[in-house]
Structures are given as structure tokens and as C-alpha cells.
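K.L.:
Okay, here's what each chain looks like letter by letter:
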Amino acid sequence: MIKFKNVTKKYDNTIAIDNISLTIPDNGLYCLLGRNGAGKTTLMKLLAGHIDATNGDIIINDKFISPGRMPDCVNFIESSSAQFNMKVAALIDSAAELQDSFDYDFAQEMIKRLELNQNKKYKQLSFGMKTMLTTIISLSNNSKVILLDEPTLGFDAIMRDQFNNLLLESYNAHPRVIIVSTHLIDEIAKVTERLIIINNGKILMETGIEDIDQKAYTLTGATSAVLPLLDGLNCIGKTTMGSVMAAHIYDKRITPPDGVNIDRISLQDFFINIVGGGNKNEK
Amino acid sequence: MKNKSFAIAKINFKNIKLAYTITFITMGCILAQDIVYIILSFFNIYPGENNSTVGFGNYLYLIIILGAIFIPSMNFKKMMNLGGKRKDFFWGCIINYIIMAAVMSLAGIIFYYTYEAFIFSNYYKGGFSLNPVYWFGWINNNPVIAFFQQFAFLLFAAVFIHTLTAIQDKWYGWITDIILIAIISVFTPIAPLRSVLIWFFNLIIFHSNALLQIISCLILSAAVYALNKIIFARKPF
Chain G
1 MIKFKNVTKK YDNTIAIDNI SLTIPDNGLY CLLGRNGAGK TTLMKLLAGH IDATNGDIII
61 NDKFISPGRM PDCVNFIESS SAQFNMKVAA LIDSAAELQD SFDYDFAQEM IKRLELNQNK
121 KYKQLSFGMK TMLTTIISLS NNSKVILLDE PTLGFDAIMR DQFNNLLLES YNAHPRVIIV
181 STHLIDEIAK VTERLIIINN GKILMETGIE DIDQKAYTLT GATSAVLPLL DGLNCIGKTT
241 MGSVMAAHIY DKRITPPDGV NIDRISLQDF FINIVGGGNK NEK
Chain W
1 MKNKSFAIAK INFKNIKLAY TITFITMGCI LAQDIVYIIL SFFNIYPGEN NSTVGFGNYL
61 YLIIILGAIF IPSMNFKKMM NLGGKRKDFF WGCIINYIIM AAVMSLAGII FYYTYEAFIF
121 SNYYKGGFSL NPVYWFGWIN NNPVIAFFQQ FAFLLFAAVF IHTLTAIQDK WYGWITDIIL
181 IAIISVFTPI APLRSVLIWF FNLIIFHSNA LLQIISCLIL SAAVYALNKI IFARKPF
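Those protein sequence lines, which keep their order, are chains G and W.
So for the first sequence, this note's numbering puts the first residue at 1; every next one is plus one.
So for the second sequence, this note's numbering puts the first residue at 1; every next one is plus one.
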């Protein structure tokens, strides 16, 4: 079990993590979603014991985490992190030597499937391939907690699809806590079970993808018809175009009257609205 | 020590190529100069006469000095990015320095008795090798003891540089730099303080009792290296 208890992290005068409390009780694929600078990487670094919290406690399986007490059960490698300029094969071999629970066969299988040239040196790889290699190294680790920070950075659509399959296969082979931070919510939502939304260093929401599917929707219709429906509903964003209004809701489902349509909201739109970027008025 | 510490040491050895490159280029230049001297000697020209230069084998010191800079400054972060652990890095690095100090010390002595003996007696007539084993008087004991004296000194030098490099990104690193500079500049002109410096360097380099010199260097190495347990435990990457 992972627990953040009133955790704050400050860099000089900047608050990166603002009094967060969060519990991750079970194994699962978690998506950590947030804008640039929202605090995703800091949260992961804190959990991995790479940096100290300014205040509060981070606990994994009853053990307090800090740089002096880095947990063996957490594996966190930033996707954009620097690696030794060794051949891909040598990097995989080295990772296998350094990590207790490295699944060498899984790493080899993924390298073959993703057609990474094992004889190329790290610096000769494209940006996307570098990220993919780092992601493979991370996912091949069977630690109880795997943290992937922007693992699809620089990936094309096919690579992203391959990554999703890889993630699912890795999880099915070794169920554990895998937390993936990303911007590409609609794609990752195909494989993750739960969503953690962070903004300005605060946790805005921690919920299941199914919950969002059920509770998040858009009401579209004449402004005069839509506005009265919003009373008592949690409206996370509105868009008006002339006399037509689209209101994005995250609440219980309602049965709209004639003239008002109810539509599914994409996770991307849901995210944009929930972090406060969705109050647009176009005339 | 676990296998992972040896794995760290192996990866470190593979990834200080810049240190190897600088060292071997430098040695290549010295070798080229010696070859030119040898060729000129066929024409009875001896430009190296009465010259004293650094022993050929001592250029290998560059590997351990540069290695002790590159390992904490460049390899630490990458090692962690490969999934390495701090405690394994701590033990892995000392394996690096022990092996490097042993190899450099052995190579220094072998070069002293072979290549340098040959080149100085034939082409640097009247000059001598500025090899520390000779210069610091270690060779006056015997080659085996000289090996251990040089090994202990190199190990201390590597550990000291490693530690100093590791703290350069912290305020206390800069304070340490200032203190070191202050010690050298303040202690040197003041006679009583100068004698403290002399006592210290005598202990770790020149002491007539080889065993005392070796043990002093090893104890200091252990004490200084132990600080890395604290330094790297909290070093961000």
C-alpha cells in the first residue's frame, strides 16, 4: 500500500507539491495526469525516494520513504533521463545486472518486437527509440511499484499502440502498481484502470476510468434550456456559441428534456475542463 | 559486497572512456617524442640530455584522477537511471579505485624498471625519471613495498578527488574548496602551521616507515570515503 500523508515539496519559494494526501491500496495500472509543471514528476521522485519531501510522510508498505531510505520495491526511471552511451544490448545487460527483479527475457522480447537495433549505441537512437528503450528497461523490472514518467514522449501513433500493449502484457505477467504519467489520456485510458489528476501541486481527483465514463457527459442545447439544468450539478466547463450552450458535467446522470442532447465527453475534454481550461465562450 | 557492486564497477570501467582517451593520447605524444629522440640518436643528436621528465608510466595516473572526477559527476546519475542502487554505487566505486590504484601502481613500477630505465640511460643521458616511486623515495625500500606505498597513496588521492567532486553541487562543497585553498595559502607562509602541513604530507607520502605511510593512507581513505555514504544517500539525480 502506498500512502502520501500531507506531503509538501518546495523548491526554494516554489511549491511543487501542495499538501497532498493520497492512498493507492492495490495493484493496478494508474494514470497520473496533469499539465506541464503540475507536479507529476516531483510526485514520482518523492515516491521513489529520489528527493526529500519538505513536509509530510510517504509510506510504502509501512516503510517511510526518503533519499536516505530509498525503497527497493520502487523502480523509477525518467523517460528523458540520460543513459550511458552503450549499445542497446549492453544497456539491457547492465540493467539486468544492476536490478534484482529484472525480467531479461521480457526485455529481449520487447526489443525484438519493437525492432530496436541492439547494435546501435544509445546516442544513435532516435528520440522516440531512446524513450522506448528506457521504458523497456523500466517495465522489465518486476518491482512492486513501477513509475513511468511520460513514457510515450516522442512516440508515433504505432509506437504508442505498441507501448499500450507492452504495458498491458507486463502488468498481466506481473501484476503490481504501475503509475504512468502522460498527457495522452485517451490512449492510455484504454489500458489503465484508475486516474489521478494533479494540478498546481494538488490532487484534483483520484477515480476509476469507469466512474468518469459514467459521470462525465456533455449537455448541449439552447442556453435557455441548458442553464436551468445545471443547478445542483457539478459543471466542470461550459462553451457557448451564439444561443447554443455545451455544458460539461461530472456528476450523476440526468435525463435531459427535449431539445437538450446528452453526449459522452472524451477523457481529453474532461481533463481540460477539470483542470480549469474549459470555460470558453465563443460568440 | 554483492555482485551488483561489481556490476557497478564494471559499468564504471566501461564508461570512463574520456579518461582513457586523454591518458592514451598523452602517452602517445610522449611515446612519439621518445621515438623521435631514438631516431635522432642515430645521428648523435641527444636533445633529451640532462632532461628530467615525468615517468612514462605515471601518465597512467591521469586515468585514476579523471576517473575519480567522471564517476561521481557523470556516471552516478546514469547508473541510477539504469536502476542501480546508491549503496551498490558506494561499494562499486571503491572497487574501481582499489583496482585502478593497484593497476596504476604496478604499471608505474614496471615502467620504471623497464621502459624508463632504458630510455633514460640511453636517450636522456644525465636526466632522470620524475617517477613518484623514485621521487618520493618509495623505491628505496624495495619494489614490493613501493608498490603498496604507491597503491595506498593513489587510493587516498582517488577517494579524496571522488569525494570532493561529489560535493561540488552543494554549498558545503564550495566551503570545502575554500577551506582547502585557505589551508594551503595560510598554512604555507606561517612556520608553525607550515610544519603541520609538512607533517601531514610526510605522513602520507614521505614517511621513512613505509608501514606507517601505507596504514595512514588507508585509514584516511576509509575515513574520507565513509563520508560518501552520507553524500550519496541524499544526492538527487
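Check the hints yourself; a few may be wrong.
[Unchecked claim] Below, a sample of chain G positions facing chain W; criterion: calculated Cβ distance under 7 Å:
hint: 1; residue: Ser79
hint: 2; residue: Ser81
hint: 3; residue: Phe84
hint: 4; residue: Ser94
hint: 5; residue: Leu98
hint: 6; residue: Ala225
hint: 7; residue: Val244
hint: 8; residue: Pro257
[Stated by the list, open to error] Here are the computed lysine-lysine pairs in the DSS-like style, where the Cα-Cα straight-line distance is at most 27 Å:
hint: 9; chain 1: G; residue 1: Lys87; chain 2: W; residue 2: Lys10
hint: 10; chain 1: W; residue 1: Lys4; chain 2: G; residue 2: Lys202
hint: 11; chain 1: W; residue 1: Lys10; chain 2: G; residue 2: Lys63
hint: 12; chain 1: G; residue 1: Lys120; chain 2: W; residue 2: Lys229
hint: 13; chain 1: W; residue 1: Lys229; chain 2: W; residue 2: Lys85
The set of hints was computed from the structure by calculation and includes no laboratory data.
Positions of the beta carbon are idealized from the N, C-alpha and C atoms, including for glycine.
K.L.:
Holds or violated: are the alpha carbons of lysine 229/W and lysine 85/W at most 27 Å from each other?
P.N.:
Holds - the C-alpha atoms of lysine 85/W and lysine 229/W are around 12 Å apart, at most 27 Å.
K.L.:
Quick check on the hint: leucine 98/G CB to chain W CB, less than 7 Å?
P.N.:
Holds, about 5 Å.
K.L.:
For the pair supplied as a hint, lysine 87/G and lysine 10/W, confirm whether the alpha-carbon distance does not exceed 27 Å.
P.N.:
Distance ~15 Å between lysine 87/G and lysine 10/W Cα, so the pair holds.
K.L.:
Given alanine 225/G as an interface hint, is its Cβ closer than 7 Å to any Cβ of chain W?
P.N.:
This hint is violated: alanine 225/G lies away from chain W, its Cβ roughly 55 Å from the closest one there, beyond 7 Å.
K.L.:
Does lysine 63/G lie within 27 Å of lysine 10/W when you go C-alpha to C-alpha?
P.N.:
32 Å, violated
K.L.:
Classify the hint on serine 81/G as holds or violated, based on whether any CB of chain W lies nearer than 7 Å to its CB.
P.N.:
Nearest chain W Cβ about 4 Å off; hint holds.
K.L.:
So, as I understand it, the hint says valine 244/G touches chain W; can you test that by seeing if any CB pair is closer than 7 Å?
P.N.:
Where the cut-off is 7 Å and the nearest Cβ of chain W is about 51 Å from valine 244/G, the hint is violated.
K.L.:
Measure nothing beyond the straight line between the CA atoms of lysine 120/G and lysine 229/W; if it is 27 Å or shorter, mark the hint as holding.
P.N.:
Not satisfied, since the Cα-Cα distance of roughly 35 Å exceeds 27 Å.
K.L.:
Please verify that hint: serine 79/G, Cβ, nearest Cβ of chain W, below 7 Å or not.
P.N.:
10 Å, violated
K.L.:
Given the hint that lysine 4/W pairs with lysine 202/G, does the C-alpha gap stay at or below 27 Å?
P.N.:
Distance of about 38 Å is beyond 27 Å: violated.
K.L.:
Identify whether the interface hint at proline 257/G stands, where standing means a beta carbon of chain W within less than 7 Å of its own.
P.N.:
57 Å, violated
K.L.:
Does the closest beta carbon of chain W sit nearer than 7 Å to the beta carbon of serine 94/G?
P.N.:
5 Å, holds
In summary, the numbered hints that this structure violates are 1, 6, 7, 8, 10, 11, 12.
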